[in-house]
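**Student:** Going down the list, the protein sequences come from chains A and B.
Its first residue numbered 1, the first sequence is counted upward by one per residue in the working numbering.
Its first residue numbered 1, the second sequence is counted upward by one per residue in the working numbering.
For the record, the hints were derived by calculation from the structure and aren't laboratory data.
C-beta: ideal position from N, C-alpha, C; glycine also.
Check before you lean on any hint, since a few could be wrong.
Cβ-to-Cβ under 10 Å is the rule here; a few derived chain A residues that face chain B [stated by the list, open to error]:
#, residue
1, A38
2, K45
3, S86
The following label-pair restraints were derived from C-beta to C-beta distances [stated by the list, open to error]:
#, chain 1, residue 1, chain 2, residue 2, range
4, A, F63, B, N83, 56 to 64 Å
5, B, H814, A, V89, 34 to 42 Å
6, B, P278, A, V89, 32 to 40 Å
7, A, F96, B, R393, 49 to 57 Å
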Amino acid sequence: MKFITAIILTALLSFAFGLFTALPWWSFAITSFVIAAAIHQKPGKAFLAAFLAVFLLWAILTFIIDNANQHLLSVKVATILPLGGSSFVLILLTAFIGGLVAGLSALTGSYLRKR
Amino acid sequence: MRIVPLIISATATTALIFVLNTQLTVGTGKTPRLGYFLSPQQGFWQNAEPADVSFDKNISIAGIKANADVYFDDRLVPHIYANSDTDAYFIQGYLHAKFRLWQMEFQTSVAAGRLSEIIGEGGLKTDQYFRRLGMVYGAEQSLKALEANPETKAATDAYTNGVNAYIGSIKENELPFEFKLLDYKPELWSNLKTALFLKFMSFDLTGQGDDDLWMTNTRNYLGYDTFKKLFPERADSLDPIIPKGTTFDKPSITVKTPAHADSVYFHKNDQAITATPPIIPNKNNGSNNWAVSGAKTKSGKPILCSDPHLGLNLPSLWYEMQITTPTHNTYGASFPGAPAIIIGFTDSIAWGVTNAGRDVKDFYDIKFKDTTMQEYWFNNEWKRSEFRTETIRIKNKPDDVETIAMTVFGPVMYDQHYKSRNEDGKYYAVRWTAHDASNELFTFYKLNHAKNYSDYVNAISTFQCPGQNFVFASVSGDIAIRQQGKFVAKWKHQGDFVQPGTDSSYMWQGFIPANENPHMENPLRSFVSSANQMAVDSTYPYYLGRSGNFPVYRGFLINRKLASMDNITPEDMERMQTDNYNVLAEFTRPFLLKYLDETKLTREEKKYLDLLKTWNLRNDIQEKGSTVYKVFWDSCYKQTYSDEYSKTKLPMYWPEQVTFAEALLKDSAYAFADNINTADKKETWKDVVLVAFQKACKTLQKASNENKLEWGIFKDTYVNHLLKIPALSRLHLPIGGGGEMINATTANHGPSWRMVVHLTDKVQAFAVYPGGQSGNPGSKYYDTFIDSWAEGRYYSVLFLKKQEAESNSRIKWHFSFVKA
C-alpha cells in the first residue's frame, strides 16, 4: 500500500511542481526526496517507487506530446542527440533520466529516515 | 539514520543532477543541459506543437491604441487589420517574435559580433571580423538617422514594443527550441537590433567590395598587363539593364584620377597581401526582377516579378504577411527583425529588388609611425588616430578586447593584433558606405504607402546601402526600373585594388546624385528587367566597379525571352521564373564539341559525349547531359588557367566564367590555352578540351557509379538550418536550375522568395518561398512551402479587405488584440 501511495504522490507532486516553469527542471527531485522521507519504506523500495513514478509520468507525458506532434520534433532531436532518429528511444531515455533522478532522491530520503 | 549510505546516496543524487544540469563538451560542440532539455514540462518537448494546433487567441495588451485583428490563412500567413500604422507595426513585431524570435535574436547577435556570447570561443573569429569591419559602428550611425525621422522612429518604436510585449508574455517552457538547445535566453529587443539586422543585409549584399585584397594579390602575382587580359573591362555578351545606346546626361561630378596612379596604384607590385576576410558573402547573392507593361500581357495590365537569390536557410529570412491600416493596404515578404514589408505590393503598385552589385567598400594601406598606431602618415604629416574599443564577451572565457584605430578613411580592420593571414605587417583601413548614417527603412515605409509612380521615385530616392535595382509597376499601367543607392563617383578602376592611404587624392571624391543613377520608365519595348548585370553600357559617365561583379547570362536570357513574348499571363511568368534553360551551354557547347577530337576517346568516354550531344540544354532534375556539361565545363576552365596559378598558395581570384566563355567563342588562338609548364609544346584549345574531357569523365564515372548522374541529384540542393544542424535542415531537394539559369538554384543558394504580381484593378499575386511561416522545428508549419518551391509551384495569395477576411473559407485562425 505504502508502495502504491508513494508512486502516486511522487508522480502527482512531480507533475504539479513541473507546472511552475520558473522553478528549476529538477524540482521533482526535492518532492521525491520529501515523499520518500515522509512515507518510510526500505531503501530499495523507495528507489523503485520514485523511479517508476517519474519514469511512467514522463513516458506518458512525452508519449502524448509526441503523438499529437506526429513525431516531427522527436525524430529531429533523436537525430541530433544521436539516437538513430528513434522517437521511441528518445521517450525511453527521457523517462529513464527522470526516473533515475527521482529514484536516487528517494533513496536519499529513505536513508535519512532509516535507523 | 545510516550516515555512510546517506552521504553516498545524497552525493550521487547531487552529482547526477549537476551533470544533467551542465552543458557537456562533446567533440567541438556542447550538449544542452540534458535534464532540462529532456524535461517534458520545460524542455524541448514543449516545442513539439500538436499537428492540429489552433492558433486562435485573445490577447489583452497595453501598448496599442485601439483593438485590432489578425486573421491567419491556411498557410499561417497573418493578415493584420489595425486602426493606425503604429498599432500595425506593434502587432507585426509581436507576430515576428511569436513565430521567429530565435532567428531574430541570433541573426542580430551575429551582426553585432556577439556570437561568442552564445556559442563560446568558436564564434570569436566571426565576432572580431564584424566588430572590426564596423558593423556596430555603422548600425549606430544608421540608428541615429532612423530615430531622427519621426515616421521611421514611430514605426520602429512600435515594432520594438511589440516584440518586447511578446518576449514579456512568454514563460520558460515557451522559449523557442534553439534557446533550449544552446542554453541561453532572449534579450529585450531594441531599435538598435533592427538597425543591426538591416546593416547585416548591407554587408551580405555589398560583398563586391571585399574582393580588393584578393584582387591585389592577383594583380601582384600576374602583373598588371597579364591581369588586364584575364579581367577585361566588360563582357561582350552583356545586355545591360538600361539598353545599349541610351544617352546619359552630362555628369555633375568630374572625377580626377590621382596623378601617379599608374605607378603607385595600377603597376604597383610589392609584397603580396595575404589578409583574408574570414567570411565572404556568397558571390551568387543576386536576384532577378522584371515588369512587363499591359502592351505585352493578355489582360492589358502590367505584371511584375521578383525573386531575390540568397542563402537558403531555415528559419527563412522572409516572413509573409499582409498589413492593412487606414493609410495603406500592403502585402509581401517582411524581414523578421524590421517593420514594414520589404518586397511586395499595395492595392495600387508593386515593387521588387535585385542587388546593384556596385563597389562601395574600399581598402586603404595605412602607414603608421609605429605599432602603437597612435599616428599615421597622411598628406605629408603625422596625423593622430582615434580609437574605438570593442569588447567581445565569450561564454565561459575572459573577454576579448579589440582596439581599433580610426583613420580619416575608416576603421583599420587588419593590423598586428588582427592579421587574418596578413603576414606582410601592413595595416588596412576600410571605407564602406554602410558606415554612413542612412535610413533604408524609410524607403520601405514609403513604398508600403505608395500609390503611384511619383510616390515610388520619392520613396527610393533616399535609399543608400546596399544599392538595389528597384523595379516598379502600377495598376494605372506604369512600369519602371531604377538603380538606387549611395554610389561613389569613382575614377576608372578606383577601389579594384588596395589603395594608398597616405594621400587624400585616393579618397572618394563624391557621391553620384540620385537623379544621375541609371533609370528607365515605360520604355518602348514594354518591359524592364534586371539580373545583377552591369546596369549601363560604356557611355555612362561613372565607373561601376570591376566587371567580374556583374553576372551576364541571366539578364541576357531574361531580356531575350521578354522581347519575344506577348499575351503574357501570370502562369507564363511563373514558368519563366522557374526556367532551367542554360544559355551559357547554348553558347559554348558547339565550341566544346568543335574542339573535342572524338577519335581519341574511349568507348566509355564516348557514352558521356553522347549524353552531352543529345542534351536539350535544360538543367532539369532528370537531365544527365547537364551534369556532363557542368563537369566538362569546369574541367576546361581549370585546365586552361591552373598552370597560370600553379605557383602560388595565396588567395587569388580566377577569371570570370564569361571571360573564359568569350575566349573560347572568339579567340581560336587563346594565349592562356598554352600550358606554361610545358616549354617544348604550345597547347591549343584542342589539347585543353581533350584533356579536360578525359578528366571530366573520371568524375562522371564516379558520379555514375554512385547513381548521381542526374542533375538534381548531382547538384543536391538543401535548405540549411541557421546552426547548420542537418536534422533541422531539408536535404536532397529535387530542384533543377543553377548559377547561370533564371532559376538560379545552386546547392545552398537560390530564389529565397518568388513573387508574381498581376496589377489588375483588384491586384492578384502568386508567391512561394523555401521555408514556412513558423520558425519552430517542432511545428508542421516549419517547412511547409519547401516542396512546392522545389517543384516550381506557387500559392495564390489572399489579399483581403477586412470584411472579406472575416468570411473567407481559407481563413483558419483569429488573433484578437484587445487594448488593456
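**Student:** Against the structure, test the hints numbered earlier, and report the numbers of the ones violated in rising order.
**Tutor:** 1, 2, 3, 4, 7
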